Structure formats: structure tokens, C-alpha cells
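Engineer: Here are the chains, one letter per residue:
Protein chains: 2
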Amino acid sequence: MRIGLLQINPMVGDIAGNAARVEAAYDRAVAAGAELCLTPELALTGYPPRDMLLYAGFAVAARAEADALALRVFKRHSSGPALVVGCPEPNTSGQGKNLFNAALWCQDGLVRKSVRKALLPTYDVFDEARYFEPGRTEPGSGVVDYRGRRFGVTICEDLWNDKDYWPHRLYPVDPVEAAAAAGADALLNLSASPFSLRKQALRQDMLAAICKKRGLPLAYCNQVGGNDELVFDGRGAVFGANGALLARAEGFAEDVLVAELFGDEPQALPADDLSAPAETFRALVLGTRDYLAKCGFKKALLGLSGGIDSAVVAAVAAEAIGPENVCCVLMPSPWSSRGSVDDSLKLARNLGVKTRTISIGPLMRGFEDALADSFAELAPGRGPDITEENIQSRIRGNLLMALSNKTGALLLTTGNKSELAVGYCTIYGDMSGGFAVISDLPKTQVYALARHINLLRGGVIPQAIIDKAPSAELRPDQKDEDSLPPYEVLDAILALHMEKQQTAAEIAAQGFDPAVVARVCRLVKGAEFKRRQAAPGIKVAWRSFGSGWRMPLAAAPLP
Amino acid sequence: MRIGLLQINPMVGDIAGNAARVEAAYDRAVAAGAELCLTPELALTGYPPRDMLLYAGFAVAARAEADALALRVFKRHSSGPALVVGCPEPNTSGQGKNLFNAALWCQDGLVRKSVRKALLPTYDVFDEARYFEPGRTEPGSGVVDYRGRRFGVTICEDLWNDKDYWPHRLYPVDPVEAAAAAGADALLNLSASPFSLRKQALRQDMLAAICKKRGLPLAYCNQVGGNDELVFDGRGAVFGANGALLARAEGFAEDVLVAELFGDEPQALPADDLSAPAETFRALVLGTRDYLAKCGFKKALLGLSGGIDSAVVAAVAAEAIGPENVCCVLMPSPWSSRGSVDDSLKLARNLGVKTRTISIGPLMRGFEDALADSFAELAPGRGPDITEENIQSRIRGNLLMALSNKTGALLLTTGNKSELAVGYCTIYGDMSGGFAVISDLPKTQVYALARHINLLRGGVIPQAIIDKAPSAELRPDQKDEDSLPPYEVLDAILALHMEKQQTAAEIAAQGFDPAVVARVCRLVKGAEFKRRQAAPGIKVAWRSFGSGWRMPLAAAPLP
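Here the protein sequences line up with chains A and B, keeping their order.
Going left to right, the first sequence walks through residues 237 to 795 as my numbering numbers them.
Going left to right, the second sequence walks through residues 237 to 795 as my numbering numbers them.
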């Protein structure tokens, strides 16, 4: 049986538009001979719809659209394939959360059956227990008989709880086991599984292991596209009953894949570069492009400092929306090196983006004058300190936002994850902007990405930008390493603290200088207030700041 | 049996400090004759500890502190009352979430029994399913025999699922029913139930109804204090088996209440003003005081515009930390009225707070000069628009942050909920600041609060500030109502949209002008990006922006 995976890029909340995307993809799959079609999870609302789900009218509209869609595709293809579409479904039982996360089996013009997600991820960026009641896993509730075969229908997390694969299981039940026990011939899965580095290898390995263990083939349809901080990488796939990967849809792009489910011959297996810089670049480009487009922006704007971070963001922006839609602003101060300006202009020429240059010296003097009396009165004898550095950064933020307001271009922030972690950034200054392109990339990964971009795009980033020592240039001869440990050390500590949830003592026990570790952990906690007001950024790591990082502010440090 | 309610104000994460607070309160309760003592929910970590709970070392440290605390109180009071203390407890079953939310029954120097929370709120600001595995409700698992009585131990939400009280239940089980079935003589409850307007009346009504229905008395100990956006109002209470309120602890203050559980005579019932402005004022003062103290700030700073919002924030700040620790900054522009400056100075004199005045005219001209060429080049022919208004606001933000950085005073933002809802505020401008005192108060409630403060504190807010038409004064003769519907209308629409989750069509059906409703809902969606970067504010309403409002950004509007 030929399965069509409708790997669409939905717009969150755009119910009618998403149904039209599904319908167009269904038509393509029919033309390619599909006999059964799958969408991603919650395809009609896009994933994640978050608190839009709390509006009863929203879920009702989505569910009604599913009925209409079932009828529309039937009218045009009366003996066409069934369509399994992801959609929220009101819970009318009078108890529990108001919705189910459902896969609606559309056939012969009707929604014939609903299968409800049983395992609701409620960790990291996921809040499904906030909205959904879990589906029952009573025998047979998750299987559908169709054209002589029995299909076990599952939704995303439903596949991720195999007791042999995971040393620690999150849930007591396994919908795959239930489907197998109910006599399924094959598994279907509707997913909205976001990208993070190293996840695709894990995903393929796990899906293959489940198919092999159960002796069942699997059709897996994943969402693609950027929705706020999450990028979905698509890569829908078909696995044979022996666990072999038979076909895979594109990564980071819309696709319609039609492949034979009950076979063992590899069919469509496009190349897929899983190296970290390659994956990162594709994720950032897609995430930036989609955030801009889905928010209604055609143009972007950013400050170019002459450093590596803003250079990489400029290159990503140019790739995402075309260099003609990117404007880079140079805002030298008396502490900016000549090299910073020259390198920035060279980068902009290489990329083909517009530039503007605005010197901030006069505005710095204006703020000095405005504040002199108050500083003398309220903080007598206090010399220049971080205050003056922040003023510079906030002058730049104000200039950039003014250009954004006046021209309708979205301001991109250029800070990296290492800075954001330890607070080496100015709130309302360089943190100003609507979207933080590389805020989930530690500095060491920013360098790797710059080298990758240069390989891919003919050395657009001048070598001088890659070679110079990192500096905020907010005072004479400033270097990042005057204030911070070397980035190799800092990033290693941060990875243990953030991704492995290790406390300072646990990290130090692995051979790091305890004083350095303690200072880094203290800085991370101290910067929580800045991150609370940070722009959304693109998730790349296993654990990121943003909606998956929920720390208290007025709190004691971790032990 | 005399019950001691240890109504402490914990610091989130401060395990040793919180244990010391419990111990000191226990000593006071013992001195007052308590025979059994209760803390609030998760008293040793403070509530909500949020993602600190993901660090295994954190929960282990809290659980170890409970053992040590049990021993310490036993050593000093060897025949003293049992202590039931709220604490996270590692889940060692190898399946599910890593923790339980537990009530540890400490007696004779040991933790004798753990009762685990069964109902885990995962809605609004609550994320308990993110961290905790639910406790079992097997017969007898939640009861403890002590001094001839059997106590049904419950934790916060465990009480909030009575099938007769609630038309729609969230959970299939009821721990109170289970305790009654297991022969409990009385109910104990450890809570961290945050304040919102009208909640106390509901809480008392519901608790009384449960006691009456089950024929069981109840001792209810609630946390007090401000933790980030949440204020806990305390008001621990003892209810008789007939549902009568027998005793109540202080609202919005630490307290140790000792009262007889198995009686029917009212004992300690301090007056408690449940009017909205009175409750609001107490919540804002406590929330502001605690946020400052728990973040380590002694002083606060804010911009005084001459309007009602900043006047109210100044009054709250002066009440919270003393006028000598509050500095108000006047930053008139050429568009500021003379009255605004005079009214602000009069307010400051009445409150006894310091003021500084900095005219921003020269800086406005500085930005005009800096941007003139770029505006001409990038947006030819475009005249002054919202851009110039935002520049003014961001100049003020920069000045205030500079004073904050230089003096170590926390900057308070002064925006109200109506503005924040529709985006009538400047990101990185007047939205700058670490804590948003009135960001959950609609404008109409700000007026009510101002009148209440004047009644309470002898007319500190000049009448001219209350009487003038609201204006941002960002251009000549600007009035809020040029851009927005009258606040009575706006606030009514916002309440339906936010608190009742109604879509525009549903709101219009109640008699509002459909065009106005559509515009307001559009503005709310359009301001999402600003709120994503807003300072945390104090929750006052049933539903607030902040951690209980999780809307997507790049999304289509609600239907």
C-alpha cells in the first residue's frame, strides 16, 4: 500500500489556510498514486497552538474544518485514499481537560474515526497536559481497518515510550504495544517533533528499533517549518517491518512523499547532512524565514559590530529572505576599532546587503550631560562603570528600533547563547529586537557555523572577523576574556549546567576549576532577569532558554 | 486537638533558610500549645520552585533537610507535636516524573510517612505535571493515625475537585473522598494557593462546603508572600465539621495560628477587607516588597509622568519599602504639560520620596540629527509618526536604566493591564524595568486603587492626577482616547477576551460594537511580541499576562 506523507508547513492558528495546504498536498499525493495519506500532528491548527487552545471557539472551528475537508477531498476524489489529519477535538465527557489531541480518519467524505493521543509530553517546551485529556488505550481503540489492513494510529509522543528502548520511561502505558496487541499490520504516526541537534539520529534509531521489535512497518509524517522558537525539520519517513529506512521526505522543506509501506526495498532516500553546522544553518535559515513571513515582515535589520555574532546573523538573514531585504547598521563609538567598521563594510559588500552608518559619539555625550547632575547627587564619587557601557548599547538599541519602526523591517538581535547565559549583554540595548537568530548557539558553535557558511557561500565572512579576539568594544581595549572564562571552558560548563541539569558541585567534580564553575553558575542565575525579557530565539540545543527554561527570579541560588 | 498553622513566607530555593523559618514558627506554635503543626505546600523549597526542580541535587537537598529538621525539632521538644512539612520527594520507582509533591509527617525525630499530592494543577500559572508524578489514592494511603485521631492529609489542589461543588471536574479522583472512605476524623491541607481577586470568598465557601458535606473539620495552611508574579495571601484557616470557619490567620503577612480543630466555637477571626481595592493594595505592597527584598534590592526608582499609573506605583513603592528608598524621576519633553511636572512634584512631596528632573529635549534633537539621513534614505517622504514617540519613550528608558545601574535601585515599570493588552506602550521605553507593579490592573481598577490609597493615606495622590484625561504626552495634545476606546469599554472587552476566553464574535454578541471588539482583539494579538519581553508583574486577576498566558507570536488571529 502506497502511503502519502503530507509534510506541510502550517501557520499556527490559520485553520482554513492549513486545510488548504493539506488539500493541495493530498492532491499531489493522489497524483503520485497514494492509497492512504497522513498529515503532521494538529495539522489544522499548526503546532504548537499554545493558549489559542483555551478558546473553545478555536477548537470547534478546527474540528468543523476537518468535516469540511473530508467532504471536499471526497467530492474531488470519490474513490481516493483515506486522509488521516491531526486536529484538536472537544472533550464532551464533562470531566478533565476540554480537548483531545486527535488523529481524524477521513474517508468517504466523513470523519470515520478519531484516535486520541495517549502520551502527552509535558516537559521542556511542551505543555500538552495543560490542554489535553489523554486518550484511552483500551484494546482496539487505536486501530483502524482499511483496505484489508489494520493500522495502529499514534500521535508523536505515543511512539516514544518503548520499555526496551528507554532506560527510564515517562508513562506507564505504550500505545504501540496496544496497537500490536490489537493485531495491527502497520503503524502510522502524526508528529510535530521539533528539531534539535543530534535528534534526527536518535529519532531514526528509535523508530527503526520499534519497527524491528514489533515486526511492523511505520509511516511517520512530521511537521516542517519555523513556529516562533521551534523549527520542525520534517524528514517524514517510511520504515519497513525489519526496521530498514525505506524512504525519507526532505529535511527543513515542505514535501509530499509517496512510498510503499509493505515492502523492504529502499525507495526515496535523499542525502541528509547531519553535521552540526549544516543542520544548524538549515534550521536558522528556515526559522528566520518563517518567523518573518508568518509575522508579516518582508525586511530585516540588524546592527553590525564587526564581530562574529552579527556577521553570522547577517549571513543567515541574507540567506533567509534575500540580501536585498536586509539592512545592516554600523554604529561606531569612540571605542570602536577602525577594523570593526572596515570588516563590517566588507562583509556587507560580500553579502550584498544595504548598510547605514551612524556614529553614536554625540549621543553618548548627550546622555553624559543629561545624567551628570543626577549621578553626582545620587552616587557621589562613583566613576564610570558598567552604566556607561550600557548607555552606549541602549543608544544603539534606540537607533535600531527607530529604523525598524520607520521602515517596517524587523530588528534581529545578534547575541549568542554563551552571552545570554551569563548576562554578558545589555537589556534594552543589544538585546533589543524581535527575533534572536543565534541565541541558542554557544560562542564556540557560532565559530563553527561561520566556517560552514564560508565553505558553503564562498568565504562571505571576512577572515579578520573570524580571527579577531571577541570584544564588546564598550570601553578601550576591552576583550570578552577579561570578564569571562575562555569560551571553550565556559561553553563546556554551560552545557553541563543547562543540558544535564548539573549543579556547580557536580560540574566541578568533573575536573573544572570550582571557583570558575561557581562563578559561571552565579552569573547564569544573575542573568535570569535579562532572559525573562529576551526576544524569542531559535531552539537548536537539547535544552534552550525560552519556553523550555522556567526559572524563578526572586530565588536563592541552586545548591 | 490544637493545630498550629505555620504560615511562613519562604524564599524560593533557600532550603536551609526555609527550614529555619519553619523551625522558628514551630517553636512559637509549641509555646502556644499546638499539638500538631502544618506548613504550607513545598515549604522547604518555597512555591513555585519551577525548573529548579529539574536539578536532581536540589530535591535531594530539600528531602535531606526534612530529615534534619525532624531531628532538630525533636531534640528541642522531645514530646512536641508532629510537624507536617511540604517538600519535594524523589520518585525512585524508575518510571514517570522524577519527583512527588509530598507532605512529610515528622514525628519522634523521623519522617514517619509521606503523603503525595494526587491532583497536579497544570493550567494557568501552574505546571505541576511538568515536575511531579501524581500520588496514588489507594485506600488508606493518605491517612495518618496520630494521638487517637486519623488525619486525611491533602496538598492544595487535592481539595479542589469535589464533584458536588464543581460543575466540571478536572480529575477523575477525589483525595478527600478517599480520606473519608479510609475513616479520617479530620482533614489537613498544605497549600500554596496564590492570591487573585475574589478568590478568598470562593476558597472559604468551597472549604466550608467540603467540611459540611463530609462532616469533617479541616486545618488549612497556606503560604504567604510574593514570589515573582505570584502573591500568596496566607489566610490559613480552621473549619469545623459543620463547615463553620473557626479561626483564620492573617492575610498578606506571616503568622502562626494555633486553634482547636475538634470544636465548634469560633476562635480567632481577624477582620479581613475583601473589597477589590483593599485586596489589591495589600497584594501589590507585599508583592513589591518581597520581589525587591528577595532579589536583594533596598531601593527602587521609577519615572513619574504626572499620570495616574506612575502616581499609584510611587505610592505602592513608598508603602512597600519606605519613601526614603524610592526615587522618582521626572523627564519632561517639549510635549509635557506644565501641570504634569507640578502634579508629579506635589505627589512626591506628599509621599516623601526623592525626585530628579531631567529634560529630554536635547536628547530628542540628538536622535533626530543622528537619524535624519537614514530616514531620508530608507523611508523617503515619511513624516513624523509613532517612531518619534517611541524614541522619546526609549530615551527615558535609557535614562532610568542608567540611574538604576549607577545607584543600584530597581527600576519599576508603571504600565497598566489595559495598555499592555493593546500594546499602548513602548517596548524598551516605558516598558523598561525589572518589575511591573500594576501590569495586571486594568485602567479602571487603577483609578479605584488611587481613590482607595487616598482614603487610606490622607489624599497623597493629588486630585488633579486623578481628574485629568489620560495621555501619554508623546505628541502635542495627545489623549489616550484618540487611539483607544473609552477605558470602561476597553476593560470590559478585555475581561471577556482574557478571563472568559471569548472570541471577538462571542464578545460582540453580548452587545458591544463589533468593529470595536474586532479592533481590540486585533490589538491584543498584535501586542503579543511586546508582552513576550515585558517585565514580570504581580498577578491580581483570575487570568493575567505572564506565565499563565502562553500565546504564539507568529500566528493567525483567533477566529
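Simulated from the structure, these hints should not be mistaken for laboratory data.
Worth double-checking, as some hints may not be accurate.
When chains are identical, the list treats them as one kind, so a pair holds in a single copy or across two.
Each computed DSS-like pair below joins lysine-lysine, with the alpha-carbon atoms no more than 30 Å apart [said to hold, decoys possible]:
hint	residue 1	residue 2
1	Lys399	Lys333
2	Lys590	Lys435
3	Lys766	Lys535
4	Lys761	Lys534
5	Lys535	Lys761
6	Lys333	Lys449
7	Lys349	Lys535
8	Lys448	Lys333
Every value quoted in this text rests on a predicted model; they were computed, and no experiment measured them.
Engineer: Tell me the hint numbers this structure goes against, listed in increasing order.
Structural biologist: Violated: hints 2 and 7.
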